[in-house]
Structure formats: C-alpha cells, structure tokens
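Protein chains: 2
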Amino acid sequence: MFTCSKERMQDKISTFSTFGDAGHGGITRYSLSPEALQARAEFVKRMTAIGAEIKTDDVANVYATLKGSDPTLPAIVMASHCDSVKNGGNYDGILGVMGAMEVLETVANDKIPHKHNLVAMIWTNEEGSLYPPAMMCSGIVCNDYLPADIAKNFKKENMLASKSILDPTKTFGMALEASGYKGDEANRLNPKDYKAMFELHIEQGPILEAAGNDIGVVTCVLGMVNYRIKVYGQADHAGTTPMKYRHDALFGAAKVLEYLHTELDKLDPELVYTTGEILCHPDVHTVIPDYVEFSLDARHEDPRVIEQVVSVIENIPKDVEKCKTGYEIAWTRDTVYYDKQLVDFVQEAVDELGYSNQKINSGAGHDAQFASYMLPTTMVFVPSKDGHSHCEPEFTSTELCTEGASVLLNAVLKCDAAD
Amino acid sequence: MFTCSKERMQDKISTFSTFGDAGHGGITRYSLSPEALQARAEFVKRMTAIGAEIKTDDVANVYATLKGSDPTLPAIVMASHCDSVKNGGNYDGILGVMGAMEVLETVANDKIPHKHNLVAMIWTNEEGSLYPPAMMCSGIVCNDYLPADIAKNFKKENMLASKSILDPTKTFGMALEASGYKGDEANRLNPKDYKAMFELHIEQGPILEAAGNDIGVVTCVLGMVNYRIKVYGQADHAGTTPMKYRHDALFGAAKVLEYLHTELDKLDPELVYTTGEILCHPDVHTVIPDYVEFSLDARHEDPRVIEQVVSVIENIPKDVEKCKTGYEIAWTRDTVYYDKQLVDFVQEAVDELGYSNQKINSGAGHDAQFASYMLPTTMVFVPSKDGHSHCEPEFTSTELCTEGASVLLNAVLKCDAAD
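As they're listed, the protein sequences go chains A and B. Read in order, the letters of the first sequence are residues 780 to 1198 in the numbering used here. Read in order, the letters of the second sequence are residues 780 to 1198 in the numbering used here.
Errors might be hidden in some of the hints.
Same chains, same names: a pair is fine if it fits in one copy or spans any two.
[To be verified] Simulated pairs of lysine-lysine, DSBU-like, Cα-Cα distance not exceeding 30 Å:
1. 1101 <-> 1045
2. 1097 <-> 1045
3. 1103 <-> 1164
4. 1023 <-> 1164
Please keep in mind that the hints were generated in silico from the structure rather than gathered at the bench. Remember, it's a predicted structure, so these values are computed and weren't measured experimentally.
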C-alpha cells in the first residue's frame, strides 16, 4: 500500500485557504472569480512542476495529466471543484482537487508505476453561486448522457447566458471568455478517452463522525423529490377582520408543516426531508397572508420510500384552517448508484490501509453524479466536523484529508491494474 | 335634518376613480404622483366653484374653507387622504375627501346656515406606499402632541428625506417641492384655529355588513402591540443531515405559531391578532433554516387584554423542536378614544336620519388618530363589501357613501351649533 504525505497535504490546505479568505476562517471563492483563478493558477503551477500536462476544455474544466506507461489506454481521472458558496469552508470541493493533486504528487515523487494516464481535474462552477445552476459544467459535459428531464436544464447555450446574481449585466459566458481557461471542446471528459472517475469529498453531514469512522465508501447518490406546497387564504386587514372571518394562509401552512412532519416521521428512519424555503404574500405585518408556498425536499435511496413520501404529499388535507391547499412537483432524481467495481476498489483500498470505514450514501449532489451517467464513477468521503458544510466552521483534520487521499491513491492504482 | 346628494356623490366617485385607474376596477395613486395631483386639482376646482378658499401648508396638506357667519370662531374640519396603496380600491381615504366635499357642496347649494368656518381637507401621504411611513403628514402636523415614542418617528426633517421605494434617488422632500402644493407652515391644522376634526372612512372590515348596519359610530382606535417572534435553529445540508440531528427553525416557528393560536384564542373573542410577515434564513430549498422571524400584531380596546397577549408571548416555550426562541417588541399603541361629545353628535345625527347603525372601533390606524392627540376628533364608518380593503375589489355602494356624507353633514352642524 502507498500513502500520501500529510505535510504536503497541509501545505496545500494552508495555501488554497488563502484564495478568497473571507477573514474569519472561511472563504468566498465564486467560480471564475479572481480568487478562483488564483486557485487554478496554483493548481497549474504545482501540476506542471511534477511533469503533468495541462489542458482545458471549452467550459474551462482543467485537466492535469501524468502520463502512464501505456498512453493509448483510457485515462483515470480524479476530479472535484475549487469554487465555493458565499462564506463557505476550506474543504468542500477543493479537498477533492487537493486530493487528486496529492495522488499525482505521490505517484510522481515515489515513482509509482501505472499503465494508464492519471488525471487531476477541476470542474468549473459546481456551486453555481454566482452563475446558477449548480453542477453547471459537469451538466454541460455529460449532457448527452443525462436523463432527458435533467439534460434539458444543462444546454451549453443557456449556461453561457446564465446571469451573475450579483451583476445581471455579466454572464457566465463573459466570465469564461475573460478567464484565460477556455479551451477546446475536444478536450472534454468523455467515455472513450477515460476509463473511470473518482471524487474525494467531505461528507457534509454528521454520520461518519457520529460513527467514529474515518472513511465513507460511497455507494450512491440518494434519489429525491422536490415539491412546492401551496396554501391559499384571503388577504384582509390585520386590525379590522375578526378572527372567525379569517383565512390565514400562514397559519394554514404551519398546520400543513405539522401534518407533513407527523406523517413523514412514520416512514423509514433513513428518510431525510427539508422545508427550507418559504414565500408569504403579501408579507406585510398588517395584512393577513393570502398565499404561502414552501419547498419540500425529500431524499432516500429506496424508490419505494420516495413513493410513500409522494403519497403523504398527495394526501395533504385539501382544506386546512379555512384555506385551500395544493402542491406542484418541482423536480425528481432517481437514486444514482456508483459503479460497483469502483466501489469495491475503494472498499479494498480502505480495508488494506486499515482505516475505520463504512458504506455511506451521498445525500448531496456532486459532479460525480452527472459523470456517472457517462463513465464508471465513484466517491470517497471523509468526515465533516459536527456535520457542518457550506459555512465557515466546515472542518476536516489534515490527518483525515490525507487518509482520504491515500484511499483515493490506492483505489486508483487498483483501477489502473484491473485490465 | 339635511341630506346629501346621491347623484353628486356618484359623479365624484366616477370622476376620482379615473385618477390612477389601474385598468381592472381599482387604482394605484401614490401620494404626490401625477395621478394624485390630478385628484388634488379636481378637489381644488370643485371647492373653488362653491366659493371655498384654498390654502396649503408646508407638507402640502390642502384646506378648502367655506366661510361661516362668524369667521373668528375656530373652524370645523373634515379630512381624509387621496393617496392609495398599490392596486388599491376607489374608497379608502378618498371617500372621506369626497364626503367632506359633498358636505360643503350641500351646505353651499342648500345655503345651510353655519357659524364656524367649515373645512374640507386632504392629508398628504396617509398610506406611505411610495414614501414610508404611513400617516406621515398627520404625524408631522400633530408631532408636538403625540406621545414621545410615536413623535420621534415623525420628525419633519426625517420625513423630507424619506426615500421612494421605487426610486431611492427620489425623496418625499423632492416630490413635495415639485408638487406645486407646498405652502406655509402657519397654515397647518392646529388646536387654536380649529375646533374639531371629523373623518368619514370605509370600515375596511366585515363587521357592519355582517350586522346589516349602514353606519358605524366609531368610538376608538384599538390599542395594539407588535412583536417580532424569533426562532433560532442550525443550518445544515438538506441531503446529508439525518432528521434526529436537525434544529429546523421553520418547523420550530410552525410550532410557535400553533402555540400562539391555541393560547390567544383562549382570550377575549374581540381580540384580533395577525402573523403577516415571515423571514426565513437562508431560505434555500436545500438548507435547513437556521433562523426564522415572524411578526405578531395584536389589537384590542382593553389594555388588560393586551397585557394577557404580552403574557402569552412572554411564555412562549424557550425550546421548541430543538430550537431556541425569543421575541422583541416592535411597537405599541394605547387605545385612542375619540372625543365623547363628537361621538355623541355622530350618534344623534345617524339616529335622527334613521340609518341602521352601531358603535364600532377602528382596528386600522387613520390620520384622525393622530389628530385626536391635538384636537377633538372622531370618525364615521360605512360598510366595506365582503370586508375587503387595500385591494381592487374594495366596494361601498353610492347609497351608503351618501348616507355616510349625510351623517357627517349633520354631525358637523351639531358641532357648529354647540357653542
């Protein structure tokens, strides 16, 4: 077994955390921003230093390739992203890039033999924080392979026109032209020239930490449904309308929320569901709300449980507190299972390294999920302290980050050997 | 008894409804907008035609004075506003102006003798829709007489700087200068030159209609408290955080809403309370909310009931669904009782006219409420169809509007005679 260098990993974590440093422990590093370009330049500098060849594709995804002994074989790629949400942490995405770099640096330094080209890769604009949607560039690159209802949301021409949420006069296309990283469409990740993709990532949840395990062997991305739940009341004056005449849509929504919690909590305990967004109209303190809408996001590996969730939604009482209710489906995603052979390589690697581990699923979406429609793909998770992510307290120790890279290295080498 | 003219009232309703006509039954007529200036010009034209003298004060309140037989006596004023909310109706505010005009027209046409000067008046910017706050110019004029905690919110210099919510480069002061209606501060309504103020208004609620009464004899403006209720959770990823680890501030808020309804419904049935505004952070469908805040507006005539409301708020459980709760007082208003003698004049007038009527309180705030701190004041209500107001379906029949004006006329004449 080979292992990666904790010192080298710490150096990368310290360096990359300066690009977009928000001044209180976290970063804001929007895709293709000056801060993200600093991170890309550092990636290129370090990868060039170990003899990797740099290429970019037409949406600025960056590929650093270390030649194998038989360059005619399809390459094995390790990829994640270097952009963050606003006031995000120092690990989400960038750990997968640093882990890929660390693997190539270990291979180069230790002169580890390998047949296939090995590639460290940066996906552009995974978060979609400045230019929605999230997972934009994996969506574009994998578009031809995605299910039709997802593919329609990731047309390149629409993505190029995606407007900055901070300055609507700027588009993703303009940022791409200005970045200096726009390359050739022929360089895109594709199933002919690539054999497999691995992504190392923080868990972004509390499961590994709670179980005391260092490594998560990821098996799937959870299936999900996303609904908009609607409650229709009647707007009237707060001071002049007796209680018995009221049709208060916010009170109706509170009752629907409680119904959903009561009913959904009866289903499988692995189910997660979230009502994260709420809209209230007219949202004035002196007016009884006439319309409230909230989101319901529910995720589970088993489609039968998702069907039970849909049934609960369909059975929301039609009249609640003298308000009418309704719902609309926003989108669905079937459970995406990662490649069984690659999952086995990860499991063997972590067991041989002797790190505590468990099988885990991914509740969050990742670029790997889109890539998996196109070529064999899997992921490796390391724990997130207190389960926090997408916030500045996000933290994973350098030891665990290095263990994650070592698992990645050995799984990739098993993949390299398996022809 | 004298009565007003239904035909003349209908003509006014039809004419004023064209100023700011939004095209589907209602109006948008922001204070000092071109549409509001049309309404003011029509007021000036009609009042000048009956021999009234026009004056304006320094915040563009307009006074049309019909001389009495003893002009040394203090004047009796009838006032309301001609501005509307966005997509408001054809009655809120403007009915009180049209009613005042109709009274003066009747007095002039029927040569009804009166000792005191009689004044029809337009208050500037009652709604505060374009330039907050509401009741701005009655607040400025009555400032010296308001309770200290209210007065501090209506300093003239701050009001002049109030920014347009549509175009923050424009201020109320700029609109005032451009209006052509800015006059002399010495012309302001004041307790030395004025004996009493009456305001005719639509009820804006369903009580009169439900009771089958034509006229509401208003006795007070309800006391109120306004709180911000706060729920503190923990933001985490919707897909990666098991239910048992969650601190969902929106679910916590739903439970607090339910607690409030349960407890407040045990209090006096006349109590009205409203939770009209809600804020959810970060309000993203894939993130568990970490903070939710909502408004609680509660109104009742009896301060002991308001005290019970405060006690219910103070006893919100400190921990709800693993979230912390809190509250903050936004503002309070004690019940404002209208002048007993003026209320009696209204009651006598309506009884003598033989219109069905009842005593009623005002849940909404009106310019009359501020005026009442300065000089004897009262109000007359007419029914609102289905209780609707601040919306385009707002409606009161011309018959009822005319009855309201007739009550106003006879109450004013009783006031005129009572020296």
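Taking the hints in turn, this is what the structure says about them:
1. In this homomeric assembly, residue 1101 and residue 1045 come within 30 Å of each other (Cα to Cα) both inside a single copy, at 26 Å, and across copies, at 19 Å.
2. Both within a single protomer and between protomers do residue 1097 and residue 1045 lie at most 30 Å apart by alpha-carbon distance, with minima of 21 Å and 27 Å respectively.
3. Taking identical chains as interchangeable, the C-alpha atoms of residue 1103 and residue 1164 lie at most 30 Å apart only when they sit on different chains, with a minimum of 22 Å there against 43 Å within one chain.
4. Taking the shortest Cα distances, residue 1023 and residue 1164 sit within 30 Å of each other only across copies (17 Å), while inside one copy they are farther apart (50 Å).
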